[in-house]
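Undergrad: Here's the letter readout for the chains.
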Amino acid sequence: MLHKLRFSPYTSLAPALILILVMLGASLLYAIAESLGFISVINQSEVNFKAWRITLTSDSEFWVSLGFSLWVSITSTILASIFALLVAVWLSEHRAKSENPQSGAKWDTLALNWNLAFPHLVWATALLLFLSQSGLLARWAASLGIITFTDQFPVLIRDRFGFGIILHYVTKEIPFLALIILSILQSQPIGYDVVAENLGANRWQKLRYVTIPQVLPALLAGALLVFGFIFSSYEVPALLGIGYPRALPVLALRFFLNPDLLARSEGMVISLIITIIVILVAMVSLKLADKENKT
Amino acid sequence: MRKAITLSLRILLYFILVAPLLLFIAYGFSTRWFFPAPFPTELTTLTFARAMNDSRTLTGLHEGLLIAIIVSLLSLTLAFPAARVLGLRQFRGRQFAWLLLFLPTVVPPLAIGMGLNILFLQLGLAGTIFGVVLAHLVPTLPYTIFTLSSAFARYDENFEHQALALGAKPNADIFQCYFADDDSQSSSSDIICLSNFMESIFAHFADWRRKDYHSAYFVICGGFGRRSSYHWN
Numbered sequence: 000m001l002h003k004l005r006f007s008p009y010t011s012l013a014p015a016l017i018l019i020l021v022m023l024g025a026s027l028l029y030a031i032a033e034s035l036g037f038i039s040v041i042n043q044s045e046v047n048f049k050a051w052r053i054t055l056t057s058d059s060e061f062w063v064s065l066g067f068s069l070w071v072s073i074t075s076t077i078l079a080s081i082f083a084l085l086v087a088v089w090l091s092e093h094r095a096k097s098e099n100p101q102s103g104a105k106w107d108t109l110a111l112n113w114n115l116a117f118p119h120l121v122w123a124t125a126l127l128l129f130l131s132q133s134g135l136l137a138r139w140a141a142s143l144g145i146i147t148f149t150d151q152f153p154v155l156i157r158d159r160f161g162f163g164i165i166l167h168y169v170t171k172e173i174p175f176l177a178l179i180i181l182s183i184l185q186s187q188p189i190g191y192d193v194v195a196e197n198l199g200a201n202r203w204q205k206l207r208y209v210t211i212p213q214v215l216p217a218l219l220a221g222a223l224l225v226f227g228f229i230f231s232s233y234e235v236p237a238l239l240g241i242g243y244p245r246a247l248p249v250l251a252l253r254f255f256l257n258p259d260l261l262a263r264s265e266g267m268v269i270s271l272i273i274t275i276i277v278i279l280v281a282m283v284s285l286k287l288a289d290k291e292n293k294t
Numbered sequence: 000m001r002k003a004i005t006l007s008l009r010i011l012l013y014f015i016l017v018a019p020l021l022l023f024i025a026y027g028f029s030t031r032w033f034f035p036a037p038f039p040t041e042l043t044t045l046t047f048a049r050a051m052n053d054s055r056t057l058t059g060l061h062e063g064l065l066i067a068i069i070v071s072l073l074s075l076t077l078a079f080p081a082a083r084v085l086g087l088r089q090f091r092g093r094q095f096a097w098l099l100l101f102l103p104t105v106v107p108p109l110a111i112g113m114g115l116n117i118l119f120l121q122l123g124l125a126g127t128i129f130g131v132v133l134a135h136l137v138p139t140l141p142y143t144i145f146t147l148s149s150a151f152a153r154y155d156e157n158f159e160h161q162a163l164a165l166g167a168k169p170n171a172d173i174f175q176c177y178f179a180d181d182d183s184q185s186s187s188s189d190i191i192c193l194s195n196f197m198e199s200i201f202a203h204f205a206d207w208r209r210k211d212y213h214s215a216y217f218v219i220c221g222g223f224g225r226r227s228s229y230h231w232n
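The listed protein sequences derive, respectively, from chains G and X. Taking numbering that gives the first Met the number 0, the leading residue of the first sequence gets 0, the next gets one more, and so forth. Taking numbering that gives the first Met the number 0, the leading residue of the second sequence gets 0, the next gets one more, and so forth.
None of these hints come from the bench; they were simulated from the model. All C-beta atoms in this analysis are idealised placements derived from N, C-alpha and C, irrespective of residue type, glycine included. Fair warning: there could be bad hints in the mix.
[As the list claims (entries may be wrong)] Pulled from the structure, derived: some chain G residues nowhere near chain X, Cβ distances all over 10 Å:
hint, residue
1, S11
2, A15
3, Y29
4, E33
5, K105
6, V121
7, L166
8, V169
9, R202
10, K205
11, V209
[What the hints assert, rightly or not] DMTMM-like, lysine to aspartate or glutamate: derived pairs with alpha carbons at most 25 Å apart:
hint, chain 1, residue 1, chain 2, residue 2
12, X, K2, G, E60
13, X, K2, G, E196
14, G, K49, G, E196
15, G, K49, G, E60
16, G, K205, G, E60
17, G, K105, G, E92
Next up, chain X with everything else stripped away, as it sits in the complex:
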């Protein structure tokens, strides 16, 4: 009896978790599904095909992916030395550096975006891919540093010394040491950047009506506001 309750609870939980996906599939692959019908009446791939052939969807997808890839690569490159130092060494000001890096994760994106918008307008960066990339780095960089540095906390610098002593070329083997050790961690921070991929893809989907966005946050915030009012009102 007890087992049955647990099992049914678990199945319910799993169902709730996949329900959104099923819902989107049901809406995405059906047409003329009007109010009283409990299930999609006409299944079709036309809706999906129309969305995929829409040039706005395609540019959105393309630009979103481009921005996401650049942001991920840049934040990994910039975070790597910082995370290494923060994870491996003790030095004066380390705590303070942590605190500074912690700030962008608590200051609301809305506030950062609204302020950056003015700066970017003056620098001529507003509405450019580079501007959107820069704005995205503010929240992604701390996250990447946090995840990478926890990997370095377990990393032993002596691996490198050993490799060098055994006659390895400095750069080549340092890389082998790194990737043997923090594969799992760097991929997890990749996943975090990936979720930012999705965010920016979404942002672009949302913004297909207006291209003159000012910064990434602006796109995310303003775009969704517009999208929601456009679709749901």
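Same shape as in the complex, but just chain G:
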């Protein structure tokens, strides 16, 4: 018996799995309990759906934030995917043509990884320093005589439509998606596009009928993960966003930190809704990746 236990794979898995399950399970359970008005700190143990009802009424700020979050995450994901595709195709074509493919490739991969290594907050702060109304770009415009006061500079960041947040995520996610696409393109036999070229395909046709079908499943899976990440992340919208409309995670944390403990329930409701949406998206992404592995 002891022997069996010692060599069971679950003995090795146990420490990591137990830790994760306890922490994750407890946090989700507490989140659900609090969203139902069950707040042990103030001895409130009556279950009700008040917080859910307040959050989901048609004039609550939740819907505005949901729309804002969806707009920002969907736009960023689509733009990042398109640019990543272009960058990856450009890099891999360039690599195939150059005489010394190794040296250039090394630098490009390094450059892409370098961007990945930047924490989101550092990148966002840099964007803010560069693009805000008193930022570096505005200063340069002023010294060229284009503007004289800071308020003449267009609001490029911390704007109503979340363009700053979108700009941040697009620039930050291009390298991530481009690396995924590059790894697919490199694992394919090079013959396909040569065959297409021989059959008279032009550049656009090659991209449309050869390259895109090759990378699409992986790109879609990656894009969905990116969407989930952007949709649920807090710090960038907090730094580059404004007071209204605010992103869903920002709203959730605002409620959660409210001194009125009853408002915490609403924060929990919003965070649970974010969790559900992200898990659904991740499941679709997993399915897509799975399908790709089988073919």
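Following the hints, position chain X against chain G.
TA: Just chain X, lined up with the frame of chain G:
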């Protein structure tokens, strides 16, 4: 012509990538850089020195590094047996174990942090270094297991058998086998933990105004919110 365009595009790309660093250096080592001036007017190391002499920066740095080191060591130790089994063996429930490990990577940190906060308040772990370490393990552990197990997928257990047959002491040589083989992989997961170093360092930088944080995520989320509103509004 074509070559020139490619080259200039590439240079532009590289410039964009180093620009943030240059920007921080420009702001960090200058003073009284007011609006219309296109470039820093007064270069000085005073700003930097003041930040480095600030006890809050130093405690933040110190605690951040401490937490990061503990988290990295703990997640490597806990992930190692799990990754080995997942990488080398086929057994019933393997898929399910993968799925469970995948969960913390998709559940938003915000949700985990808000829930854990309540648990930690009740356990008295809120605001302790140990609590912050525990909270950090939830996202780092799966990542470490994923990277390590892909190394084990290429690892041949027979190396160990061979070493044992040649008269190696069990523990000593098993370690030599491991580290000869997955040096590159374990260092890459170290890098992932390292980025968590940076995260927690940042978190502490951000939180120097209030020490009563509740969990790591809380620090990261709440701290940055406060920092941003403090600095930018």
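Undergrad: Just pull the numbers of the violated hints for me, sorted ascending.
TA: Hints 1, 2, 3, 4, 6, 12, 14 and 16 contradicted; others consistent.
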